[in-house]
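Chains A and B supply the protein sequences, listed in that same order. Quick note on our numbering: the first sequence kicks off at 1 and runs consecutively. Quick note on our numbering: the second sequence kicks off at 1 and runs consecutively.
Calculated from the structure, these hints are not laboratory results. Any given hint could turn out to be false.
Identical chains share a label here; the pair holds if one copy fits it or two copies do between them.
In silico SDA-like links for lysine to any residue, alpha-carbon gap of 25 Å or less [claimed, not checked]:
id: 1; residue 1: Lys67; residue 2: Gly103
id: 2; residue 1: Lys67; residue 2: Pro195
id: 3; residue 1: Lys67; residue 2: Pro267
id: 4; residue 1: Lys67; residue 2: Asp192
id: 5; residue 1: Lys67; residue 2: Gly211
id: 6; residue 1: Lys67; residue 2: Ala213
Residues per chain, in single letters:
Number of protein chains: 2
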Amino acid sequence: MSSTTSTTSTSAVDTMRAAGAEARARIRAGFDGPTSGMAPGLVQANLISVPYAWAFDVLLFTQRNPKPCPVVDVLEPGQLASALAPGSDIRTDIPGYRIWENGVLTDEVTDATSVWEQHPDLVSFLIGCSFTFENGLTEAGIPIRHQEAGRNVPMYRTSTACRPAGRISGDMVVSMRPIPASQVAEAVRITDRFPAVHGAPIHIGDPSQIGIADLDASDFGDAPVIEDGDIPVFWACGVTPQAAIQASGIPFAITHSPGKMFITDEPEDTYRQ
Amino acid sequence: MSSTTSTTSTSAVDTMRAAGAEARARIRAGFDGPTSGMAPGLVQANLISVPYAWAFDVLLFTQRNPKPCPVVDVLEPGQLASALAPGSDIRTDIPGYRIWENGVLTDEVTDATSVWEQHPDLVSFLIGCSFTFENGLTEAGIPIRHQEAGRNVPMYRTSTACRPAGRISGDMVVSMRPIPASQVAEAVRITDRFPAVHGAPIHIGDPSQIGIADLDASDFGDAPVIEDGDIPVFWACGVTPQAAIQASGIPFAITHSPGKMFITDEPEDTYRQ
Numbered sequence: 001m002s003s004t005t006s007t008t009s010t011s012a013v014d015t016m017r018a019a020g021a022e023a024r025a026r027i028r029a030g031f032d033g034p035t036s037g038m039a040p041g042l043v044q045a046n047l048i049s050v051p052y053a054w055a056f057d058v059l060l061f062t063q064r065n066p067k068p069c070p071v072v073d074v075l076e077p078g079q080l081a082s083a084l085a086p087g088s089d090i091r092t093d094i095p096g097y098r099i100w101e102n103g104v105l106t107d108e109v110t111d112a113t114s115v116w117e118q119h120p121d122l123v124s125f126l127i128g129c130s131f132t133f134e135n136g137l138t139e140a141g142i143p144i145r146h147q148e149a150g151r152n153v154p155m156y157r158t159s160t161a162c163r164p165a166g167r168i169s170g171d172m173v174v175s176m177r178p179i180p181a182s183q184v185a186e187a188v189r190i191t192d193r194f195p196a197v198h199g200a201p202i203h204i205g206d207p208s209q210i211g212i213a214d215l216d217a218s219d220f221g222d223a224p225v226i227e228d229g230d231i232p233v234f235w236a237c238g239v240t241p242q243a244a245i246q247a248s249g250i251p252f253a254i255t256h257s258p259g260k261m262f263i264t265d266e267p268e269d270t271y272r273q
Numbered sequence: 001m002s003s004t005t006s007t008t009s010t011s012a013v014d015t016m017r018a019a020g021a022e023a024r025a026r027i028r029a030g031f032d033g034p035t036s037g038m039a040p041g042l043v044q045a046n047l048i049s050v051p052y053a054w055a056f057d058v059l060l061f062t063q064r065n066p067k068p069c070p071v072v073d074v075l076e077p078g079q080l081a082s083a084l085a086p087g088s089d090i091r092t093d094i095p096g097y098r099i100w101e102n103g104v105l106t107d108e109v110t111d112a113t114s115v116w117e118q119h120p121d122l123v124s125f126l127i128g129c130s131f132t133f134e135n136g137l138t139e140a141g142i143p144i145r146h147q148e149a150g151r152n153v154p155m156y157r158t159s160t161a162c163r164p165a166g167r168i169s170g171d172m173v174v175s176m177r178p179i180p181a182s183q184v185a186e187a188v189r190i191t192d193r194f195p196a197v198h199g200a201p202i203h204i205g206d207p208s209q210i211g212i213a214d215l216d217a218s219d220f221g222d223a224p225v226i227e228d229g230d231i232p233v234f235w236a237c238g239v240t241p242q243a244a245i246q247a248s249g250i251p252f253a254i255t256h257s258p259g260k261m262f263i264t265d266e267p268e269d270t271y272r273q
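Could you build all of it, start to finish, from the sequences and the hints given here?
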């Protein structure tokens with residue numbers, strides 16, 4: 001119900017939100033690639049779903065590790081639509097899902113409906129994704145190398161231990177974007193405003209200091225594209241819970257596949273500080 | 001291990017922290033009054049402890065209602081010392097405890113050790129308390145009426161519903177401080193810097209708009225002392241979980257008695273934004 005008196009900014013937000021629903025519909029219909037650059041300006045989220053008996057441990061783990069695990073929504077058992085995306089279905093609206101049993105990756109699927117039916121008490125945690133702030137970086141003229149190359153963002157395990165919670169522990173995972181040296185400060189400034197999608201980088205420069213031996217050998221996503229004069233900049237990453245699933249042997253879990261996110265209807269500005 | 005080269009600010013923090021341990025020792029030895037004004041400059045906290053089976057619901061409730069329920073620490077089952085107060089004992093270091101069964105207040109004790117022994121799987125949530133920022137208000141020359149009168153702060157149930165989580169729901173509880181009209185803006189500015197202890201007021205002026213019929217009839221704490229020219233200013237309050245315990249019929253819980261807080265060793269500055 002739009003009217004001629006509605007403001008431009010409301011229309012702009014409505015248009016942006018419609019792009020979220022469109023992106024999810026496209027994914028539901030079969031798109032199975034990374035979501036970097038899709039529906040720019042909307043919050044994207046990582047997923048970890050666990051049985052109810054593990055939900056307290058996971059929620060406490062995220063609370064104790066807000067930099068890699070900023071929770072933007074929690075779906076209770078039986079809930080399939082996120083409050084951040086009316087009409088969504090958490091079982092179908094992500095391009096790729098990983099199925100984990102006793103800490104081991106056992107399957108990768110594009111539709112998790114049947115798996116969900118076998119585990120009706122799953123609690124799902126949506127964790128803000130750094131793809132969200134790439135829009136702000138682009139608008140500031142900062143190149144996003146993996147987007148330019150049509151690749152997934154490179155992600156790495158680090159040697160930085162997360163704070164344990166209950167039965168859960170593990171090391172932090174980071175995403176890396178090579179940024180021209182003259183623009184690194186601006187990239188820090190822009191991303192610092194978005195703590196709900198990992199905020200400012202956790203490390204800038206020398207990868208070995210956070211336990212990354214070889215920048216070309218990413219642990220998740222694609223290999224990096226690094227131009228002359230770029231500095232590697234590392235952000236805490238919502239794949240961290242997947243490292244924790246492995247390290248902790250959680251009996252069952254579903255996650256998104258790295259780089260393939262849940263796209264909400266929530267404008268990034270909602271989370272800007 | 002102090003040395004002559006240690007800085008003044010480190011010494012000041014050490015002294016302040018020692019005041020926290022002293023306050024807890026005094027409470028452990030029998031002090032059973034309100035803690036407003038004790039150990040100024042240190043974070044004070046509300047308590048809610050529930051059996052493990054209810055811990056996810058409570059943690060989710062606090063996360064969905066960060067204004068009344070800003071969690072500063074979670075003690076896992078069997079853990080008795082808060083990470084914010086080394087050497088503390090959650091069972092003895094609060095001046096007064098309330099015992100709740102099926103949503104009904106059944107007892108009030110000054111030492112909860114024996115109750116704890118009967119419920120070894122309790123998970124304890126420490127929630128920031130607005131007593132923490134009273135120090136900043138005092139330093140800015142803003143009078144704290146309840147302190148001046150030697151009374152407990154007045155607290156009220158409101159008609160503002162919290163966002164439910166799992167089996168838990170309830171209305172928000174607020175604390176009220178009458179502030180001279182000319183100083184209300186400054187009180188907002190000061191407290192807004194401390195989101196971990198409830199932050200800025202949720203309401204200023206007319207109590208009826210948030211469902212408070214009679215300002216003199218506080219639901220918790222003492223009756224207010226209001227001077228001519230004062231405006232009632234309302235902050236979200238960590239007693240909110242107690243209203244939720246009642247509304248939700250949680251089978252068992254231990255809380256602090258309103259106004260009688262857990263004093264940490266953590267300087268308020270740690271949480272200043």
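Is it within a copy, between copies, both, or neither that the alpha carbon of Lys67 lies no farther than 25 Å from that of Gly211? within (18 Å within a copy, 38 Å between copies)
At most 25 Å between alpha carbons: which applies to Lys67 and Asp192, within, between, both or neither? both (11 Å within a copy, 22 Å between copies)
With identical chains treated as interchangeable, where does the CA-CA distance between Lys67 and Ala213 reach 25 Å or less: within a copy, between copies, both, or neither? For Lys67 and Ala213, only the intra-copy Cα distance (23 Å) is at most 25 Å; the inter-copy one is 43 Å.
Using 25 Å as the alpha-carbon threshold, which applies to Lys67 and Gly103: within, between, both, or neither? within (23 Å within a copy, 36 Å between copies)
Within, between, both or neither: how does the pair Lys67, Pro195 come out at a Cα-Cα threshold of 25 Å? Classified as both; 7 Å inside a copy, 18 Å across copies.
Between Lys67 and Pro267, at a C-alpha cutoff of 25 Å, which is it: within one copy, between copies, both, or neither? both (20 Å within a copy, 22 Å between copies)
Going down the numbered hints, you'll see the structure goes against none, and every one checks out.
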